[in-house]
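**Student:** Single-letter residue listing:
2 protein chains.
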Amino acid sequence: MKKHNFSAGPCILPAEVFQKASEAILNFNDLGLSLLEISHRSKDFVSVMEEARALVKKLMKLGDDYEVLFLQGGASLQFVMVPFNLMKPGGKAAYLDTGTWAAGAIKEAQKLGTVDIVGSSKEQNYSFIPKNYQIGAEYDYFHCTSNNTIYGTQMKSFPETDTLLVCDMSSDIFSKVLDFSQFDLIYAGAQKNMGPAGTTLVVVKKEILGKTDKNIPSYLNYQLHIDKESMLNTPPVFAIYTSLLTLQYMEKNGGIEAAEKRNEAKAKLLYDEIDRNPLFEGYAVKEDRSLMNVSFKLTDESKKEAFDKAWKEAGINGLNGHRSLGGYRASLYNALPIESVQVLVNVMQSFS
Amino acid sequence: MKKHNFSAGPCILPAEVFQKASEAILNFNDLGLSLLEISHRSKDFVSVMEEARALVKKLMKLGDDYEVLFLQGGASLQFVMVPFNLMKPGGKAAYLDTGTWAAGAIKEAQKLGTVDIVGSSKEQNYSFIPKNYQIGAEYDYFHCTSNNTIYGTQMKSFPETDTLLVCDMSSDIFSKVLDFSQFDLIYAGAQKNMGPAGTTLVVVKKEILGKTDKNIPSYLNYQLHIDKESMLNTPPVFAIYTSLLTLQYMEKNGGIEAAEKRNEAKAKLLYDEIDRNPLFEGYAVKEDRSLMNVSFKLTDESKKEAFDKAWKEAGINGLNGHRSLGGYRASLYNALPIESVQVLVNVMQSFS
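Chains H and U supply the protein sequences, listed in that same order. The opening residue of the first sequence carries number 1 in full-length UniProt numbering; numbering runs sequentially from there. The opening residue of the second sequence carries number 1 in full-length UniProt numbering; numbering runs sequentially from there.
The hints are simulated quantities; they were obtained by calculation from the structure and are not laboratory data. Beta carbons: idealized from backbone N, C-alpha and C, even for Gly. It is possible that part of the hints are untrue.
[What the hints assert, rightly or not] With a straight-line cut-off of 30 Å between C-alpha atoms, the simulated DSS-like cross-links for lysine-lysine are:
1) U:228 with H:107
2) H:214 with U:88
3) H:111 with U:214
4) H:111 with U:111
5) H:111 with U:43
6) U:286 with U:122
7) U:2 with U:88
8) H:176 with H:268
9) H:304 with U:43
10) H:228 with U:107
11) U:122 with H:214
12) U:228 with H:111
[As the list claims (entries may be wrong)] Output of the computed footprint for chain H on chain U, the stretches with three or more beta carbons under 8 Å from beta carbons of chain H:
13) 18–29
14) 76–89
15) 106–113
16) 238–247
All chains should be built: construct the whole structure from the sequences, respecting the hints.
**Tutor:** Right, here's the structure in full:
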């Protein structure tokens with residue numbers, strides 16, 4: 001039976017990516033060896049790394065003033081690396097508090113320096129994106145989270161700042177067209193739109209580094225990773241190769257522009273049903289609704305058992321809401337086909 | 001043509017591990033979904049994590065006073081985490097300097113506190129393991145590297161210490177029987193004997209944590225990883241699953257005891273030929289020779305072209321020495337069959 005995978009991450013990737021990744025484990029590049037058993041310094045893997053780094057810049061339309069790294073440790077390690085690299089001794093940073101992951105980033109920065117929370121929707125349980133805040137030049141950087149997976153909110157624009165703009169794009173990278181050159185540092189765990197769990201994309205403007213006069217631990221130092229072309233130590237070979245396959249698929253299928261159109265159509269289909277059908281109610285305020293994660297609930301809990309049975313019987317997977325919010329969450333990442341959204345909408349319609 | 005993979009890491013794993021890993025990317029546990037697209041919180045992946053953690057303790061014959069973690073960032077991030085977690089404010093640590101990776105660990109610890117190098121073979125280009133040093137109770141911990149991949153040296157015993165014993169076992173873990181309970185903290189990048197690149201094993205005695213009164217960044221804090229059962233954030237799912245497959249294979253094939261016997265036979269076969277054949281010369285002093293990495297060179301460089309041609313024609317891969325040492329390096333990790341060593345020895349014999 002055909003599965004419809006709405007998992008919040010790790011999540012669906014294109015079928016052809018799974019196929020090629022599976023084959024590479026048995027015989028990579030026709031070497032007669034597995035991708036997993038060759039040296040990361042071999043020319044076969046070095047060219048994977050080079051192509052992946054170049055393709056990210058190409059898709060984002062960024063120039064040589066940016067560097068691309070594939071690191072480990074997830075966004076959680078970036079919560080630590082960002083202040084280590086960008087916060088000056090005695091300096092302070094501005095953070096926007098839009099959800100669980102933003103709060104996690106704030107907590108780590110507070111261990112390393114002073115943090116001002118310039119906007120927060122915590123009191124309203126993160127159901128919207130705060131706006132109308134100011135970020136002056138007194139801050140070493142401003143940090144925000146572009147998409148909040150749990151609450152289903154997404155930043156539709158980014159503030160003009162007098163300081164560096166840093167963004168955690170873990171859950172919506174490559175999902176919509178942005179002027180990526182407005183950012184000084186972007187990071188994203190791969191396991192939504194870019195690849196499997198196990199690597200973290202970092203895109204950094206070179207000129208912002210080396211200004212804090214701190215003795216940064218080597219693995220936490222962006223500049224050292226750049227100097228070693230993202231091979232300071234053994235990289236997570238499989239996760240990077242599978243990310244490359246996903247990036248290649250994206251390029252072949254119209255780049256970020258085409259992904260955005262597909263994502264808008266999928267989100268519209270589902271939000272329209274939520275707004276039409278009195279049995280369902282969205283969580284996020286409408287203007288801040290995420291294209292990637294749609295959090296919603298039943299307005300009549302007595303229908304829960306029947307609804308759960310129906311979507312499971314339709315082959316739908318991963319629709320349960322995050323444990324902190326309950327209800328349902330449909331994640332509509334790049335690789336989810338609109339046919340899967342239609343199957344969900346059909347089930348919802350059968351309850352109206 | 002059959003390949004004989006002597007790569008220093010990432011390196012050969014059992015063929016059945018590659019097969020099962022490849023299959024899981026297309027259909028994991030017969031779910032009709034890829035291992036890469038399911039939630040790490042799903043019961044299917046949680047049981048992978050639980051079994052992998054338990055199996056490490058079983059193979060090492062360790063009790064509940066130890067915890068097992070699968071982290072990211074390689075041994076390089078452990079170079080940072082060890083002093084962060086174990087070095088007390090104003091305290092100091094003792095390090096043994098046996099090679100490039102030991103020196104890397106020392107460099108990171110020096111950024112966070114005082115380091116005494118209690119023994120070093122650096123002046124002799126790391127051709128032996130220093131002995132006869134003392135480690136008193138004035139140190140917060142003692143750190144050593146059990147096997148040195150580049151130079152082909154290996155610690156045959158570990159010192160009695162009055163402080164904590166910390167060991168980087170990246171390149172010889174699970175290769176020979178040890179009393180693992182003599183260690184307080186063991187870490188190892190997976191990509192030699194345990195799995196693919198992308199995860200790092202940490203085995204830690206619980207009682208040693210929480211004694212430094214430091215505000216440790218979350219991802220760098222062993223205790224937080226323990227509290228979250230090695231899922232503080234999204235773990236590197238594929239690398240951990242493939243490590244589990246390798247651990248299962250190890251258990252099924254006689255555990256560490258049987259692996260040790262196989263490794264001793266392989267190393268003897270190769271070292272005997274090096275000692276017999278006047279055309280070859282080993283690098284490490286005999287008493288410190290590694291069972292895992294055999295570094296050697298030609299005594300007559302005029303034979304180099306012919307020797308290189310011969311081993312390549314025999315299907316041998318990954319025999320070139322590390323760029324810092326030159327010559328040859330045959331890595332004999334657990335999964336390398338003795339038949340491959342015999343092929344290499346046959347080539348060497350054809351030159352005697």
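**Student:** Please name the hints from earlier in the document that this structure breaks, with their numbers sorted from lowest to highest.
**Tutor:** 5, 7
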